[in-house]
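Model the full assembly from the supplied sequences, consistent with the hints where possible.
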Amino acid sequence: ALLEATAFGTRTIIDAFEDAAVPVRELITAGGLTKNALLMQIYADVTRRPLSIIGSAQGPALGAAMHAAVAADAYPDIRAAAHAMGKVERGVYQPDPERAAVYERLYAEYRLLHDYFGRGTNEVMHRLRHIRAEASLLSS
Numbered sequence: 007a008l009l010e011a012t013a014f015g016t017r018t019i020i021d022a023f024e025d026a027a028v029p030v031r032e033l034i035t036a037g038g039l040t041k042n043a044l045l046m047q048i049y050a051d052v053t054r055r056p057l058s059i060i061g062s063a064q065g066p067a068l069g070a071a072m073h074a075a076v077a078a079d080a081y082p083d084i085r086a087a088a089h090a091m092g093k094v095e096r097g098v099y100q101p102d103p104e105r106a107a108v109y110e111r112l113y114a115e116y117r118l119l120h121d122y123f124g125r126g127t128n129e130v131m132h133r134l135r136h137i138r139a140e141a142s143l144l145s146s
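Note that our numbering has the sequence shown beginning at 7, numbered continuously upward.
Calculated from the structure, these hints are not laboratory results.
Just so you know, even glycine gets a beta-carbon here, dropped at the ideal spot from N, CA and C.
Label pairs and their computed distance ranges (CB to CB):
#1 Val98 - Ala67: 17 to 27 Å
#2 Ser145 - Arg54: 40 to 50 Å
#3 Met131 - Gly92: 35 to 45 Å
#4 Met131 - Ala71: 41 to 51 Å
Right, here's the structure in full:
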């Protein structure tokens, strides 16, 4: 459930972008998590988007080098630097329609819970924090 929860959080962000008329067609991933094939497939299925993986094991360093190259006028902008210096393996993970359909139903439930606990006018989280504070005083 933890893996799915992080993917649902990403989907929530994607939905916010698209609600603001900013389309998200693919996710480009980097770092150690790209080695977890199960996690990457869950992200593809939950977000219903292909996942691409950068071609460098040192993504942050490469990004810094790209920005330095732009600052040194070697490239006119970051897009040109990324095109010349970076590599991306496109569509490594593709959404599976059957799993994506199940995740779509789960995501609807996630959104209800997210909105109830995170945005609603309920006081559940405040009461839980208060109980935790009281319990910590008892154990002191």
